[in-house]
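Chains as they are written, first to last, in my numbering: chain A, 11 to 321; chain B, 13 to 263; chain C, 1130 to 1368; chain D, 110 to 475; chain E, 17 to 323.
Take these hints with a grain of salt, some might be off.
[To be verified] With a Cα cut of at most 35 Å, we get these calculated DSBU-like pairs of lysine-lysine:
#1 D:177 <-> D:408
#2 B:182 <-> C:1343
#3 C:1362 <-> B:195
#4 D:471 <-> D:140
[Unchecked claim] Now the in silico label distances, taken between C-beta atoms and shown as ranges:
#5 E:173 <-> D:467: 31 to 39 Å
#6 B:123 <-> E:168: 44 to 52 Å
#7 D:242 <-> A:166: 17 to 25 Å
#8 D:366 <-> E:19: 31 to 39 Å
#9 B:137 <-> A:22: 38 to 46 Å
Hints in this document: simulated from the structure, not taken from any laboratory.
Don't be surprised by glycine CBs; every beta carbon is placed ideally from N, CA and C.
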Amino acid sequence: MSISARRSLLPLLLGAGFALVPVVTGGDVYTVNLAIRIMCLAIAAIGLDLILGYGRLVSFGHAAFFGAGAYAVGILSTHGFTSAPLLIGAAILAGAALALPIGAVSLRTRGVYFIMITLAFGQMLFFTATSLSAYGGDDGLSLPARATFLGTDPFGSPLSFHYVVLALLALVYLGGRAIVASRFGRVLRAGGEDERRVIAAGFPITAYRLVAFVIAGGIAGLAGGLYAEFTEFVSPAYLSWQRSGEFIVMVVLGGTGSLHGAVLGAAGVVLLEEWLAEFTEHWRLIFGPLLVLAALAGRDGLARLLGRGTR
Amino acid sequence: MTAPRPILQLQGLVKHYGRLRVSDDVWLDVAPGETHALIGPNGAGKTTLIGQIAGEIPSDSGRILLDGADVTVERPHRRVHRGLARSFQITRLIGGFSALENVALCAQALEGSSFRFLAPASRDAGLNAAAIAALAETGLAERADIPAGRLSHGEKRQLELAMALVARPKLMVLDEPMAGLGKAETQAMIAVLRRLAGQAAILLVEHDMHAVFALADRISVLVEGRIIASGPPDAIRADAAVRAAYLGEEV
Amino acid sequence: MLELSDVTAGYGGNQVLFGVSLSVGAGEAVALMGRNGMGKSTTVKTVMGLLPASGGAISFAGRPILGLPPYRIANAGIGLVPEGRRVFPTLSVRENLIATARPAATGRDGRPKAPEWTLAAIYELLPRLAERQRHLGSQLSGGEQQMLAIGRALMTNPRLVILDEATEGLAPLIRTEIWACLERLKQAGLAILVIDKHADALARIADRHVILEKGRVAWSGDTAAFRADPGLKDRFLHV
Amino acid sequence: DELKIGLISTLSGPSAALGQHLRDGFLLAVKQRGGKLGGETAEVIVVDDELKPDVAVTKAKALVDRDKVDFVVGVVFSNVMNAVAKPLAESKTFLISANAGPSTLAGEGCSPYVFSASYQNDQNHEVLGKYAQDKGYKKVVLMAPNYQAGKDSLAGFKRHYKGEVAEEIYTQLGQLDFSAELARIAAAEPDAVFTFMPGGMGVNLVKQYRQAGLADTVPFLSAFTVDETTLPATQDAALGLYSGAAWAPNLDTPENKAFVAAFEKEYGYVPALYAAQAYDAALMIDAAVKSLGGKLDDKDAVRAALKKADFKSVRGAFSFNTNQFPIQDFYLVKVAKRPDGKFETEIAETVFKQYGDVYAAKCPMK
Amino acid sequence: MSTTLLLIQTLNGLQLGVLLFLIAAGLTLVFGVMDFINLAHGVQYMLGAYFLAAFAAATGSFALGLALTLAAALLCGVVLERLVLRHLYGRDHLDQVLATFGIILFLNEAVRALWGSAPLHVDIPEALSGAVRLMPGLLYPLYRLVLIGAGLGVALLLYVLVTHTRIGMRVRAGASDAAMVSALGVNVGRLFTLVFGFGAMLAGFAGALAAPILSVEPGMGDNILILAFVVVVIGGIGSVRGAFVAALLVGLVDTLGRSFSTSLMRLVMDSSAAAQAGPALASMLVYVLMALVLAVRPRGLFPASAG
Ligand SMILES: Nc1ncnc2c1ncn2[C@@H]1O[C@H](COP(=O)(O)OP(=O)(O)OP(=O)(O)O)[C@@H](O)[C@H]1O
Ligand SMILES: Nc1ncnc2c1ncn2[C@@H]1O[C@H](COP(=O)(O)OP(=O)(O)OP(=O)(O)O)[C@@H](O)[C@H]1O
Ligand SMILES: [Mg+2]
Ligand SMILES: [Mg+2]
């Protein structure tokens, strides 16, 4: 009882932190925007953590699904669709629908091969996006208008945007926790440790992994869709392998296999970049070694540093 | 009087690795409730045969019938659902899971679909009860909450057995369950297997002749991929060819 | 030759050895016994430097070895057949044998002090390995891997060989052969520390027995004493 | 009070050299005026867009929301420009381009809050097309990276070139090795090659073009491929290759001579057109702010002031079109080695006089 | 499309393949043999190019510069291994990814801070400039031929080293169970440092060879790293032979794809559509190749058949 209570302390604090950002800063647009950006990326990172942290499936193509969600919103917007549920639904669907065939092929491989085949698919989608000349090709595409919902404008002001994203983040996080703890999650986790054992226990492990992969894709799609609304812009850069790499860094930095670690990681990466860049143009000279130190410090990343003694 | 239909039938199984014939026209059957020991020198092909039965290693030719159904090309997890359970020669456990959760995982496989996303599995009373019962049967009840990775070698063996047991299988295929067990644990394991003997058929691969002769109803001897002898323990013990190829003077 | 005094060790916060003291003399064979989980393998790992000790002292051939990296301990003349075989899966049988082989230590006259283990000698001892010499480690049966692990340790021409459950998974015939081999090794002057569940067979070759109980030495004495007291087995080795 | 200017440039990654020229050019102008523009103390906040549109958007928003800047200057690349233009315009912040000039912002998508102190993307390519046409080339090979700017570039070239296009080669963005393409070019035996190959790609291409022995036989017409950002790397390999631009370091006006001298003295390298354009952008703000007496609240007034900003461009005659993009001269420039051993592009001939872009007609602004 | 063009393109493909092999070889060794994902391998390639540019300029000799570069690359690799990477052996791959990603950021930026953002210039050595007539109508740059030769030489050397020496065996053994190798009396730490330094040197060598023909700039290793990983994976992790075959395959597919994809597409669509689709396809081709190979052979062409 007390263990689980303590384990939910950090996520609760995180949630409360995000909820209070606008209050504490007096609605300072800059900070709120920063928080929105962090939360969008955090949603995608949670999706990745689901398969990476629990299923040990290191996808190096996560940005492709993120980008798919973003493009779904971008493309539908240019065709005049503005309904938020429709756009966001389409974003989720786009991510999930792409993840299905890609996962089906990729899951034939293991370990590092899996990393690389997901990268390959990510790159194919990246190049496809750059050749979408009808939608801006490499230059990307500006959204003509923001999505609306029942006559309201949920993404119009930074403040309402903030709380909408926060609600979705909480939903994804809680959903993720439920999945991890469920029977499905148990099979996924066990498969991450010893696949042969799980098959011998009677599970068609690939099917479970595929479902997890599709869920992660859908979550990334959601994040991408929100991000498109946030930047009012979509470009192939959203699908680049560097972006996939960033998602991995976020998850690993925050600590794999905890979900809230993904949120911490996203915040860590974005804030560090933001702060360090103010000191020096050569901020990577500091950021790089910080990552190295984090890696040396061990697997649980930021979550362990912050939550030391809470386990 | 007709003999009951065997739970497992191997009909002319063959497996090559390159030019090496590892299973060479193997015929074998296991009757319901029978404890059938498979012995043979190192490298005779016992583990390979188990791999073929479990479906991890595809057979080059021959047929495998499980409870009457042809499963030769069926995928491994389907065979589990038909009542097959196996243990591994080198223990394979989910090291990060507690002993209980390892067993519960196996219980879950048999209990309908595991595509259930919301209810927390660790609080699933049905699964936990089944798991605890299986742990108790193998004498691990007290270690239920210890992460499997931290169990001693012997305890891991016991856990493997519990994982096979919980599925209430019709046939258990055990690859050297006594390996690494001390005298005392071996005795305990023999007792457990003996208790099980009525419930499920067992195909037992083991180099501990004490255990084999204590448990087996029937023994088959595999040498270089071929069954060279098959029969009741006494007959096997007396078989000159078996002594020469395998037993030596030990028994 | 090998001397442990009051060694304590464990995994993380979980202490397993609570002051183990034992010794193996030159040319002596010592059987380390005890039920599952009593700390036998942990003792071995600590000796080899694979696990840091938290206290005590270990010396080999008169020199302290505690705290040295494993390779220096091995080079001092200890050969290990580890629990669980741990053969190199991506190397062929032959490569497994020669990759870490060392020539025997030579005496003043430049000739080996003891008969040297060579590839040919190993193949003679374990002919199955010769038949499988082109197989990769991962393509061996369990028993074949065990033979390979033994052969590999001998190829380092050690002065002391530690066998942790070296006959696990071996067919009775082969097991008998291994025992015979150990006896020959002993006669050739090799010191042996052996862990095995076959107490009767051990009694034949071991000079002394040491019984571990929950990380402590519960009994030790020579083989005659061990044989003489059947109660020992009941107390420490059976349930 | 203080004048705040956000400068968005690409300062990391392989294309950072371009961004560096741009930034240095702008900062030089501010420095020369004692840290002031238009008489006001100017605080320039430099941000790196990392060549990632989404990063640029968040940083642009931060400039507006947190730093409350009066102007945003910069942007090397069109995709970044496209991404930041909308949020900046929505917040009524003036964006003055010191390089990128995408057609989207020059035509129907033109905005009162977007000014260009550079050129429209097509124009430099048109220079080479016009030159090829005038020169009477019958058969050319075109080559560009396979992305929007690359396609626009070839379209720009073909606007004035009417001869045969033997091959149109699209390469991979970020491609390193052009041996395959060069072999195709050699096989096609064209009168000239036109290419748009910015950044490191251009360096590779130029070196390999020379090594393949083509530099002496097939005229090399290019845009954004050989300029002062890449010449230090290509050096002799680029000698004699052509480019198109509205400016070159040796442009013979007193303002330009002073600029180039001051720049080289300050930074120790030869400025490229990005530096010159950014310098002009600073002068433009300087003039506008001065004419407004520092009052920047009335956006219409600011816009009007920018439009008729009276400054001496380093490019000579310079005025704004209806879409707030420049009308200016364009030249064919050629790589040369200066007596001091440094390389620069030098004007070979004037191709367009006082030339506006073709998209202005589509811009609804008057 | 003439035969000469096809031949030239084949040579070009070979040359790219050889360059990729030099990078992939070190990567696959460190990766397969030490089970270590070293993303920093790409920056080691970059360092090689920068070192050459600096040393060649300082000494005025390409050969001397190359020798110094090899030494410096080796040193860098050893220092990196000692300082950071050795603490990550046996750890989760993701920790390695994180750490080496950090190293990439750091070194890319350090290079930029030291040498500036602008690309550097390196001349082809005088003796190797010019072209060779391979057959009538087929001129090919001498330097590229030398590059192909050097790559083939290194390939052979590596093959012998890894498969036929005891060092090679120990290295492979250490990959699967370092503790055990150590317990058998081998100083694994030193062994791994050696392998790592050697891998870094190979990458540096590749960078140095590429410097005169490619642009020497910060971040030049990033994209080639990805290609090298593609090669490693197609070939089968840890297999030098696989890396060799895969590198040539990737080099050829990429080069020939870029040259002929548009013409091929023209066979099925009109020429302006082909001009669009061809290059898009060409840039994907390598990845399509990898996906196909892995879909059919999930462990690459030459899997090191472990467990
Ligand atoms: N993947 C493989 N490739 C080649 N040969 C193999 C492979 N797997 C097993 N073998 C060979 O097949 C033979 C049979 O192996 P198997 O593991 O079935 O033996 P076993 O009877 O279980 O022996 P043990 O009692 O020692 O465990 C062995 O000689 C082994 O070397
Ligand atoms: N890697 C490990 N991490 C944590 N605890 C361990 C680890 N390995 C062993 N232990 C614990 O240490 C204790 C002693 O284990 P050890 O392996 O030394 O026993 P043993 O006497 O060799 O038994 P066995 O006969 O089963 O091999 C056991 O309780 C075991 O749970
Ligand atoms: Mg076996
Ligand atoms: Mg043990």
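Residue 1362 of chain C paired with residue 195 of chain B [C-alpha distance capped at 35 Å]:
10 Å, holds
May I ask you to test the hint 31 to 39 Å on the CB atoms belonging to residue 173 of chain E and residue 467 of chain D?
59 Å, violated
If I claimed the Cβ atoms of residue 366 of chain D and residue 19 of chain E lie 31 to 39 Å apart, would that claim hold in this structure?
55 Å, violated
Residue 182 of chain B and residue 1343 of chain C were given as a pair; does the straight-line alpha-carbon distance stay at or below 35 Å?
38 Å, violated
Between residue 137 of chain B and residue 22 of chain A, is the Cβ distance one that fits in 38 to 46 Å?
28 Å, violated
Can you tell me whether the CB distance of residue 123 of chain B to residue 168 of chain E sits inside 44 to 52 Å?
60 Å, violated
When you check the alpha-carbon spacing of residue 177 of chain D and residue 408 of chain D, does it fall within 35 Å?
14 Å, holds
For the hint 17 to 25 Å, verify it against the beta carbon of residue 242 of chain D and that of residue 166 of chain A.
Distance hint for residue 242 of chain D, residue 166 of chain A is violated at roughly 50 Å.
Pair hint outcome, residue 471 of chain D versus residue 140 of chain D [Cα-Cα no greater than 35 Å]
Distance ~38 Å between residue 471 of chain D and residue 140 of chain D Cα, so the pair is violated.
Of the numbered hints listed earlier, those contradicted by the structure are 2, 4, 5, 6, 7, 8, 9.
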